[in-house]
Amino acid sequence: MKKIISILLSAILACSAAAALSGCGSASTEDKGEVNIFNWGDYVANGEDGLLDVVEEFEKETGIKVNYTTYDTNEEMYNMLKNSNVSYDVICPSDYMITKLIKENMLLELNFDNIPNYKNLNDRFKKLSCDPEGKYSVCCNWGVTGLVYDKTKVSEKPVSWASLWDEQYKGEILMFNNSRDAMAIAMQMCGIDPSKCTKADIDKATEKLREQKPLVKKYVMDQVFTEMEGGQATIAPYYAGDIEVMMEENEDLDYALPEEGSNLFYDALCIPSCSKNKENAEAFINFMHKPEIAAENCKYLRYGTPNDAAAELLDEDIRNNELTFPSDDYLKKCYVLSDVDDEVYAYMQEQFVNIQAE
Amino acid sequence: MKSRKLSIPYIVWMLVFTMIPLVMIGITAFTDKSGGFSLEPFQKAFTYTNVFLKSLWIAFLSTLISLILAYPLAYMLARMKKSSQNTFVMLLMIPMWMNFLLRIYAWIILLQKNGPLDLALSILGIHGSYIGNTAAVVVGMVYEYLPFMVLPIYTVMCKIDPSLIEAAQDLGSNGFDVFRKVIFPLSVPGIISGITMVFVPSASTFLVSQYLGGTDDIMIGDVIDKIFWTDQNTGSAISLILMIFIFAFLVLMNLFGDEEAIA
Numbered sequence: 000m001k002k003i004i005s006i007l008l009s010a011i012l013a014c015s016a017a018a019a020l021s022g023c024g025s026a027s028t029e030d031k032g033e034v035n036i037f038n039w040g041d042y043v044a045n046g047e048d049g050l051l052d053v054v055e056e057f058e059k060e061t062g063i064k065v066n067y068t069t070y071d072t073n074e075e076m077y078n079m080l081k082n083s084n085v086s087y088d089v090i091c092p093s094d095y096m097i098t099k100l101i102k103e104n105m106l107l108e109l110n111f112d113n114i115p116n117y118k119n120l121n122d123r124f125k126k127l128s129c130d131p132e133g134k135y136s137v138c139c140n141w142g143v144t145g146l147v148y149d150k151t152k153v154s155e156k157p158v159s160w161a162s163l164w165d166e167q168y169k170g171e172i173l174m175f176n177n178s179r180d181a182m183a184i185a186m187q188m189c190g191i192d193p194s195k196c197t198k199a200d201i202d203k204a205t206e207k208l209r210e211q212k213p214l215v216k217k218y219v220m221d222q223v224f225t226e227m228e229g230g231q232a233t234i235a236p237y238y239a240g241d242i243e244v245m246m247e248e249n250e251d252l253d254y255a256l257p258e259e260g261s262n263l264f265y266d267a268l269c270i271p272s273c274s275k276n277k278e279n280a281e282a283f284i285n286f287m288h289k290p291e292i293a294a295e296n297c298k299y300l301r302y303g304t305p306n307d308a309a310a311e312l313l314d315e316d317i318r319n320n321e322l323t324f325p326s327d328d329y330l331k332k333c334y335v336l337s338d339v340d341d342e343v344y345a346y347m348q349e350q351f352v353n354i355q356a357e
Numbered sequence: 000m001k002s003r004k005l006s007i008p009y010i011v012w013m014l015v016f017t018m019i020p021l022v023m024i025g026i027t028a029f030t031d032k033s034g035g036f037s038l039e040p041f042q043k044a045f046t047y048t049n050v051f052l053k054s055l056w057i058a059f060l061s062t063l064i065s066l067i068l069a070y071p072l073a074y075m076l077a078r079m080k081k082s083s084q085n086t087f088v089m090l091l092m093i094p095m096w097m098n099f100l101l102r103i104y105a106w107i108i109l110l111q112k113n114g115p116l117d118l119a120l121s122i123l124g125i126h127g128s129y130i131g132n133t134a135a136v137v138v139g140m141v142y143e144y145l146p147f148m149v150l151p152i153y154t155v156m157c158k159i160d161p162s163l164i165e166a167a168q169d170l171g172s173n174g175f176d177v178f179r180k181v182i183f184p185l186s187v188p189g190i191i192s193g194i195t196m197v198f199v200p201s202a203s204t205f206l207v208s209q210y211l212g213g214t215d216d217i218m219i220g221d222v223i224d225k226i227f228w229t230d231q232n233t234g235s236a237i238s239l240i241l242m243i244f245i246f247a248f249l250v251l252m253n254l255f256g257d258e259e260a261i262a
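These protein sequence lines map, in sequence, to chains R and F. Okay, so the first sequence: first residue is 0 according to numbering that gives the first Met the number 0, each after it adds one. Okay, so the second sequence: first residue is 0 according to numbering that gives the first Met the number 0, each after it adds one.
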């Protein structure tokens with residue numbers, strides 16, 4: 000017993016020592032020529048498919064060393080910034096996460112003198128609703144969610160999210176494995192505006208998703224690519240830019256933008272308050288908006304670019320593609336997710352886990 | 000004294016990466032969002048009892064099947080010529096040189112619609128999907144963890160002194176009695192460490208079920224992963240319960256065999 004107590008005590012001691020150390024840590028490793036990027040996985044052109052390696056190109060041009068780390072969800076990124084003692088210089092949160100970060104004072108105001116390429120941005124993307132004064136963020140990608148389906152397996156062209164609840168596709172439907180996107184679709188089906196949801200709305204959406212579960216083959220995120228490209232499923236909701244990539248791999252696939260509208264999302268480059276290389280971060284943001292670079296990223300990702308000068312450099316078939324650049328008429332029907340309270344989001348996540356756990 | 004000094008790096012490692020996280024999970028599991036003492040996380044954790052049971056069931060099936068497959072194999076291996084033993088152990092290990100996820104992808108391709116299995120069976124007129132069910136998950140687990148069952152049993156069997164077997168034969172035992180009275184009892188420590196090495200990881204993994212299972216094959220690891228996004232307290236409580244289960248399991252195993260077998 001004595002042994003256990005001494006182990007526990009030393010654990011506590013080590014714990015506090017570690018905390019004290021980490022408080023002043025990482026200062027020594029900091030160098031003038033560094034920038035720590037924390038971005039979505041697979042989010043910039045990386046030298047494949049005959050495209051540029053954007054990060055390498057940036058290092059070559061500026062001589063700034065890039066430390067590149069990736070995340071899979073906004074929440075993962077948020078938890079990393081909030082709970083651990085890390086220092087990143089550039090992050091790329093989505094709309095609702097930007098609102099949350101601004102509200103919690105976790106972003107630095109940008110110095111736009113260092114980002115002259117900001118002028119390339121279409122005005123529509125300069126003062127987004129999540130950052131109404133446009134002080135903290137520079138939009139880099141945008142897009143909508145849509146449906147991808149296998150032409151050879153559907154009886155008629157799907158036009159609405161309702162196809163995801165269609166009995167005839169039982170066992171052939173894929174669904175978002177992500178509470179926010181899945182719940183948003185279910186809310187639209189219930190006639191609720193997903194942009195500002197309450198617990199009562201979540202309950203209704205949960206019921207709707209529960210109803211759908213027996214029809215669903217699998218809840219997926221990245222697995223949607225192999226499933227749809229390999230002809231293993233009939234219909235799935237996903238991000239429009241990614242649908243375009245899938246369609247290039249399997250010509251049986253086609254897309255539909257749901258008639259009731261869908262989720263319009265923006266991702267924007269921001270500098271978190273833990274940044275120690277703000278000027279390098281601004282240099283990176285500026286670089287990302289050089290027309291050639293932004294165009295290169297757009298070719299790779301197929302998400303819409305807010306950069307007008309870059310859009311002009313794109314091939315016509317990308318520029319005219321509804322999946323990369325949905326029409327203004329369609330965008331009018333779309334909604335942008337807003338930041339919900341932590342408590343409401345936790346409730347949403349819990350309900351989503353419960354649906355899967357039942 | 001000297002040996003104690005040599006173990007210092009490990010003790011530091013254990014303190015920083017095992018003890019402290021464990022204490023933190025313990026503390027988080029007994030607090031609520033505001034940081035005060037609360038049993039609510041446990042209350043919430045028990046809403047996932049069915050997932051717990053499912054995970055333990057899948058782990059149990061995988062362990063059982065691994066054991067049934069591994070025991071005769073280990074027995075055969077141990078009785079082979081030394082040179083062929085090395086070859087066969089090597090063959091057993093080769094798949095493990097490949098990344099875990101890649102091997103699961105191979106199973107997806109094998110089992111999926113219009114995959115090799117489906118095509119072969121459709122010649123016989125049988126059509127169906129062999130992925131997205133509990134059986135596929137168990138097959139994946141067995142494939143993944145079989146070497147962990149074979150190796151400890153094989154090692155223990157190699158150590159059995161041949162003169163013991165000869166003595167039993169001299170005393171008039173037939174082949175079956177030799178196995179039942181000498182070889183099997185002496186191989187129990189290997190079986191126990193094999194069971195431990197297969198059961199524990201298969202109860203807590205979620206990758207296999209995510210890739211090979213259907214919507215009903217969610218495992219407790221998956222729930223922990225998702226719940227942790229927004230609710231560290233409940234996530235910690237579930238982890239703690241899982242740890243207690245596994246600890247109880249190890250203690251139970253301990254009762255059957257000698258302590259050293261349990262790593």
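Don't take every hint at face value.
[As the list claims (entries may be wrong)] Reference excerpt, derived from the structure (chain R facing chain F, CB under 10 Å, subset only): (1) Y67; (2) T69; (3) T72; (4) E75; (5) K217; (6) P290; (7) E315; (8) D316; (9) N319; (10) Y344; (11) N353.
[Claimed, not checked] Straight-line alpha carbon distances no greater than 25 Å define the calculated SDA-like cross-link-like pairs of lysine to any residue that follow: (12) R:K212 to F:G127; (13) F:K32 to R:A199; (14) F:K80 to F:L163; (15) F:K32 to R:Y344; (16) F:K32 to R:K207; (17) R:K81 to R:Y135; (18) F:K32 to R:Y77; (19) R:K169 to F:G127; (20) F:K43 to R:D202; (21) F:K112 to R:I101; (22) R:K212 to F:F45; (23) R:K150 to F:G213; (24) R:K102 to F:S33; (25) R:K169 to F:N132; (26) F:K112 to R:N176; (27) R:K169 to F:I19; (28) F:K43 to R:D200; (29) R:K81 to F:I19; (30) F:K32 to R:W164; (31) F:K43 to R:E210; (32) F:K32 to R:D340; (33) R:K152 to F:N132; (34) F:K32 to R:K169; (35) R:K152 to F:K43; (36) F:K112 to R:M246; (37) R:K207 to F:I125; (38) R:K81 to F:G213; (39) F:K112 to R:D165; (40) R:K198 to F:I125.
The set of hints was computed from the structure by calculation and includes no laboratory data. Here a beta-carbon is modelled for each residue, glycine too, at the ideal position from N, C-alpha and C.
Now the hints, each set against the structure:
For the restraint placing Y67 of chain R at the interface with chain F, the shortest Cβ-Cβ distance is roughly 21 Å, beyond the 10 Å limit, so the hint is violated. Interface restraint check: T69 of chain R against chain F, minimum CB-CB distance 17 Å, threshold 10 Å, status violated. A cut of 10 Å between beta carbons decides the hint on T72 of chain R: the least distance to chain F is about 7 Å, and the hint holds. The restraint placing E75 of chain R at the interface with chain F holds, with a minimum CB-CB distance near 8 Å, inside the 10 Å limit.
The criterion of a C-beta within 10 Å of any C-beta in chain F is met by K217 of chain R, whose closest approach is roughly 6 Å, and the hint holds. Taking 10 Å as the C-beta cut-off, the interface hint given for P290 of chain R is violated, the closest approach to chain F being about 37 Å. Interface restraint check for E315 of chain R: the shortest CB-CB distance to chain F comes to about 36 Å, outside 10 Å, so the restraint is violated. At about 31 Å, the closest approach between the beta carbon of D316 of chain R and any beta carbon in chain F exceeds 10 Å, and the interface hint on this residue is violated.
Because the closest C-beta pair between N319 of chain R and chain F is about 34 Å apart, greater than 10 Å, the hint is violated. Taking 10 Å as the C-beta contact cut-off toward chain F, the hint placing Y344 of chain R at the interface holds, the least distance being around 6 Å. At a threshold of 10 Å, the smallest CB-CB gap from N353 of chain R to chain F is about 7 Å, leaving the interface hint in force. Distance check on the hinted pair: K212 of chain R and G127 of chain F sit about 20 Å apart at the alpha-carbon level, within 25 Å; holds.
This hinted pair checks out: K32 of chain F and A199 of chain R have alpha carbons roughly 22 Å apart, not beyond 25 Å. With a C-alpha separation of about 19 Å, the suggested pair K80 of chain F and L163 of chain F falls inside the 25 Å cut-off, and the hint holds. The straight-line distance between the Cα atoms of K32 of chain F and Y344 of chain R is roughly 14 Å, inside the 25 Å bound, and the hint therefore holds. Restraint check for K32 of chain F and K207 of chain R: not satisfied, since their Cα atoms lie roughly 29 Å apart, outside the 25 Å limit.
Between K81 of chain R and Y135 of chain R, the direct Cα distance comes to roughly 18 Å. Compliance with the 25 Å bound is thereby established for this hinted pair. A threshold of 25 Å between alpha carbons decides the hint, and for K32 of chain F with Y77 of chain R the separation of about 17 Å falls inside it, so the pair holds. Note on K169 of chain R and G127 of chain F: the hinted pairing holds, with a Cα-Cα distance of about 14 Å set against a maximum of 25 Å. Restraint check for K43 of chain F and D202 of chain R: satisfied, since their Cα atoms lie roughly 17 Å apart, inside the 25 Å limit.
This hinted pair does not check out: K112 of chain F and I101 of chain R have alpha carbons roughly 47 Å apart, beyond 25 Å. This hinted pair checks out: K212 of chain R and F45 of chain F have alpha carbons roughly 22 Å apart, not beyond 25 Å. Between the alpha carbons of K150 of chain R and G213 of chain F the distance comes to roughly 24 Å, so the proposed pair stays at or under 25 Å and holds. Only pairs whose Cα atoms come within 25 Å are accepted, and K102 of chain R paired with S33 of chain F is accepted, the gap being roughly 19 Å.
With a CA separation close to 15 Å, the supplied pair K169 of chain R and N132 of chain F stays within the 25 Å bound. The hinted pair formed by K112 of chain F and N176 of chain R meets the criterion: a straight-line CA distance of about 22 Å does not exceed 25 Å. For the hint linking K169 of chain R to I19 of chain F, the alpha-carbon distance of about 47 Å lies beyond 25 Å, and the restraint is violated. Proposed proximity of K43 of chain F and D200 of chain R is supported: the alpha carbons are some 21 Å apart, at most 25 Å.
For a cut-off of 25 Å, the pair hint linking K81 of chain R to I19 of chain F stands: about 20 Å separates their Cα positions. At most 25 Å may separate the alpha-carbon atoms for a hinted pair to count; K32 of chain F and W164 of chain R exceed this at roughly 36 Å. With a C-alpha separation of about 23 Å, the suggested pair K43 of chain F and E210 of chain R falls inside the 25 Å cut-off, and the hint holds. For the suggested pair K32 of chain F and D340 of chain R, the alpha carbons sit about 14 Å apart, so the restraint of at most 25 Å is met.
For the suggested pair K152 of chain R and N132 of chain F, the alpha carbons sit about 22 Å apart, so the restraint of at most 25 Å is met. Between K32 of chain F and K169 of chain R the alpha-carbon distance is near 40 Å, which puts this suggested pair outside the 25 Å criterion. Under the criterion of a C-alpha separation no larger than 25 Å, the hint pairing K152 of chain R with K43 of chain F is inconsistent with the structure, at around 42 Å. Distance hint between K112 of chain F and M246 of chain R is fulfilled; the C-alpha atoms sit about 20 Å from each other, no more than 25 Å.
Distance check on the hinted pair: K207 of chain R and I125 of chain F sit about 35 Å apart at the alpha-carbon level, beyond 25 Å; violated. For the suggested pair K81 of chain R and G213 of chain F, the alpha carbons sit about 34 Å apart, so the restraint of at most 25 Å is broken. A hinted pair counts as satisfied when its Cα atoms are at most 25 Å apart, and K112 of chain F with D165 of chain R qualifies at roughly 21 Å. Annotation: proposed proximity of K198 of chain R to I125 of chain F is violated, straight-line Cα distance about 47 Å (limit 25 Å).
This entry does not satisfy hints 1, 2, 6, 7, 8, 9, 16, 21, 27, 30, 34, 35, 37, 38, 40, going by the numbered hints stated previously.
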